[in-house]
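Asker: Each chain is listed here by its residues.
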Amino acid sequence: MIAELGHFALILALTVACLQGVVPLVGAHRGQISWMRFADQSSVVQFVLVAISFGCLTYAYVTSDFSLVNVVQNSHSAKPMLYKISGVWGNHEGSMLLWVLILAIFGAAVALFGRYLPPALKARALSIQALVAIGFYLFILLTSNPFERMFPPAQDGQDLNPLLQDPGLAFHPPMLYLGYVGFSMAFSFAIAALIEGRVDAAWARWVRPWTLAAWCFLTGGIALGSWWAYYELGWGGFWFWDPVENASFMPWLIGTALLHSCVVVEKRDTMKSWTIFLAIVAFSFSLLGTFLVRSGVLTSVHAFATDPERGVFILILLLIVIGGSFALYAWRAPQLKSTGLFQPISREGALLLNNLLMGTAAGVVLLGTLYPLFIDAISNGQDKISVGAPFFNAVFIPLMTPMVAAMAVGPLLAWKRGDLARALKTLWLAFVAAFALAVATWVWQSGQSPWGIVGVAIGSWLAIGTLIELAERIRLFRLPLGQSLRRLVNQPRATWGMTLAHFGLALAVFGVTGAGAWKVESVQSMRPGETVTVSGYEFRFDGAAEKQGPNYLTTEARFTVSKDGDVVAQLFPEKRVYTVRQMPTTEAGIHTLLSGDLYAVVGDSKSDGSYVTRIYFNPLVAWMWIGSLTMVLGGALSLSDRRFRIGAPKRSAVPAGAQPAE
Amino acid sequence: MKRKHKRLTFVLVALVLLGGAATLVLNAFEENIVFFMSPSDIAAGKVSDERRFRLGGLVEDGSVDRSGGETVQFRVTDTANVVKVSYTGILPDLFREGQGVVAEGRIVDGVFVADEVLAKHDENYMPPEVADAIKKSGQWQGSEN
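So the protein sequences, as listed, match chains A and B. Take the first sequence: its position 253, counted from the start at 1, is 253 in this note's numbering, and no numbers get skipped. Take the second sequence: its position 37, counted from the start at 1, is 1037 in this note's numbering, and no numbers get skipped.
Hint data in this document are derived by calculation from the structure and do not stem from the laboratory. Hints are supplied without guarantee of correctness; some may be wrong.
Stated by the list, open to error - Which chain B residues stay away from chain A? Per the calculated CB distances, all over 10 Å, these:
1. S1048
2. R1106
3. V1108
Stated by the list, open to error - Computed list of lysine-lysine pairs in DSS-like fashion (alpha-carbon distance at most 30 Å, straight line):
4. K267/A with K416/A
5. K606/A with K1084/B
6. K1135/B with K1084/B
7. K563/A with K606/A
8. K425/A with K1006/B
9. K416/A with K1006/B
10. K1006/B with K1084/B
11. K267/A with K425/A
12. K1006/B with K1046/B
13. K1084/B with K267/A
14. K337/A with K416/A
15. K519/A with K425/A
16. K267/A with K337/A
17. K337/A with K1006/B
18. K425/A with K337/A
Quick caveat: nothing in here was measured; it's all calculated off a predicted structure. Just so you know, even glycine gets a beta-carbon here, dropped at the ideal spot from N, CA and C.
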């Protein structure tokens, strides 16, 4: 009964979305305020309906209702409660329901909190949201219904894939989806602006918080996902340039570009059609990401059992959304006139450079990700290739190096016309420090990969450059210290956000460099009592014992790690077998130090009592997570800036075309 | 600077960037593309010794030999031909006899020396390449998708 209620609520939501996709749009065109208002009410109704539907599915999971196919396939009565709940979105059908739930939450948020939005823009944006939602409702109801019943009901479930029974992965999909779907807001506003034929500072001020929120969630989601891969897969790495990882990374790159170009539109009234373009591309990449993950067209270490029919549906949806919005763009964008002029060397110029580099990087990742499909298609399935990490590293790092280098300079350039020589002179300390550290690294690492040196150089350049920019802003040492401190406290939060985000990236660069260039790995078979020395740390294998978990059996090994005779840590890597699916998983034993992670994995035991073990020393990995967290924090701080809360400035003049009285 | 010149500057910067990116991509493609081969492809002599490639197929039943310490030996088959594989390290959790596997490495003295054996996240999932390799050898027993 509960499941039918959920199913019915979803169908109702589809009906409401169909109305919402038409009525407000027509109302905005005709200038009928009551028709436009309909979008507010229907958005809230849609949210309530989808929330009921999602609640029903969650109820079925929590109570282990094994008459639902979806619950049987992905749950088990003995599963801990956290994973019963996360199991709701730990499968295809449920994750799509989560997707529309988030879409509905964002829609309702615009309806309820967008009081300062002009009614026509708001009505149009919500209509576009509804049109996107219709696609996903149909997708769920026609190809992936989570409420499907089975008769007779199963005795018990088949359990959730054990790899997903993990706190990191419980929250990874919702974060990622909040990011993906957040870009749908920027997309809807962009399409609404194209229909209106008007983009101005006020528009950018409304779009920026949504983009910022989406960016924060996406950054957090990607970091959480790679953290999970780091400790759960036991391969010692956190980023594999896998198609599924790339699928979340491309929207991030374009989203970052969008975030920066929104600033230009808001402050300088220029780069308008470019910003609209980016908003469309960011959402297109989000849809493409969903398509790649859900269709299984690419071989991925992350791929789950998939269904080609669903892939075709999302592909069609993708073509309609991308094709339609670009056609509209081609037709309307030339009408968007920019007024702000600027020199190539200026803040605008620097932000444009950021956009170009981010866009190129996203393009390259797209090319590498889709190239195997392309080759497969033109050779009629005869040639199958894979494009792996070496390709992406060889292309992506050289592109990102100038990008990070420019990031320290950009904020020091003035709007309109900047003075590059002066900016560089201000940064002399960063240059000297980066150079000194690079030389020190070169001496220390003697003859290993040159990228280690480059990473240290640009990381320290950006970190110190960002601090210098902050010091300039508060006029440190040029005003009395008290005044400087007051200026520091009074910096707008958006400025703090920028400083934190840039500084966080510098920290992450150190993390990536350390783990990428200086990782030490050692594979051997060990008997209890034997030791192996990795990077100056002595790992003693103390033996392994069988234990019983809530729904798995585990072989837990113990390593005692010591340096110069002092015990540093004990590591407990596990090899689990989840009883229901008889599926083994690996849990790495990790001890985090700021200088690097001690990382141990235990493998199969052999008849002579020895175990295959894999030991890593991963230098500086912790800075990867600290850096990502700092970036998210920066974004969140910027989001809390007062300017976004008190609403945008009133629009300057009544635009041409149909615009109702406000 | 005139407006036209400014626009020209931006276009030039964009072109330089794209040109640089294209050069990087082409170089990287040449060196880093990895072809996918089935045991039958190797038997047909499609593989040169130096080149890295990916090998896919099923782990032959009863072929896994763990006697060599941390080095494991097994055979990969597409049911028509068989290739010997040697791998040093911990095999992925879902590595099993009779199941699909994808390994990356190169041929040394007639043995495929893998430096990477790819895991899957789901026991019901078979990499499409493995399915194709088995279909090509005419032994496919699953459904036609």
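Asker: Look at each hint and say if it fits the structure.
Answerer: Consistency of the hints with the structure:
Consistency note on S1048/B: stated as away from chain A, and its beta-carbon is indeed over 10 Å from all of that chain's, at 15 Å minimum. No Cβ of chain A approaches the Cβ of R1106/B within 10 Å, the least distance being about 14 Å, so the stated non-interface status holds. Residue-level check passed: V1108/B sits 18 Å from the nearest beta carbon of chain A, beyond 10 Å. For the suggested pair K267/A and K416/A, the alpha carbons sit about 11 Å apart, so the restraint of at most 30 Å is met.
For a cut-off of 30 Å, the pair hint linking K606/A to K1084/B stands: about 21 Å separates their Cα positions. Only pairs whose Cα atoms come within 30 Å are accepted, and K1135/B paired with K1084/B is accepted, the gap being roughly 21 Å. Distance restraint check for K563/A and K606/A: the Cα-Cα separation of roughly 29 Å lies within the 30 Å cut-off, and the hinted pair is therefore satisfied. Note on K425/A and K1006/B: the hinted pairing holds, with a Cα-Cα distance of about 25 Å set against a maximum of 30 Å.
With a C-alpha separation of about 12 Å, the suggested pair K416/A and K1006/B falls inside the 30 Å cut-off, and the hint holds. At roughly 62 Å between alpha-carbon atoms, K1006/B and K1084/B are farther apart than 30 Å, so this suggested pair is violated. Of the pairs offered as hints, the one joining K267/A and K425/A holds, with about 26 Å between alpha carbons and a cut-off of 30 Å not exceeded. Restraint check: the Cα-Cα separation between K1006/B and K1046/B comes to about 53 Å, which exceeds 30 Å; the hinted pair is violated.
Distance check on the hinted pair: K1084/B and K267/A sit about 64 Å apart at the alpha-carbon level, beyond 30 Å; violated. Proximity of K337/A to K416/A is assessed by CA-CA distance (about 17 Å); at most 30 Å being required, the pair is judged to hold. Proposed proximity of K519/A and K425/A is contradicted: the alpha carbons are some 36 Å apart, above 30 Å. Of the supplied pair hints, the one linking K267/A and K337/A holds, its CA atoms being roughly 15 Å apart against a limit of 30 Å.
Proposed proximity of K337/A and K1006/B is supported: the alpha carbons are some 17 Å apart, at most 30 Å. Restraint check: the Cα-Cα separation between K425/A and K337/A comes to about 36 Å, which exceeds 30 Å; the hinted pair is violated.
Violation of the numbered hints given earlier is confined to hints 10, 12, 13, 15 and 18; the remaining hints are satisfied by the structure.
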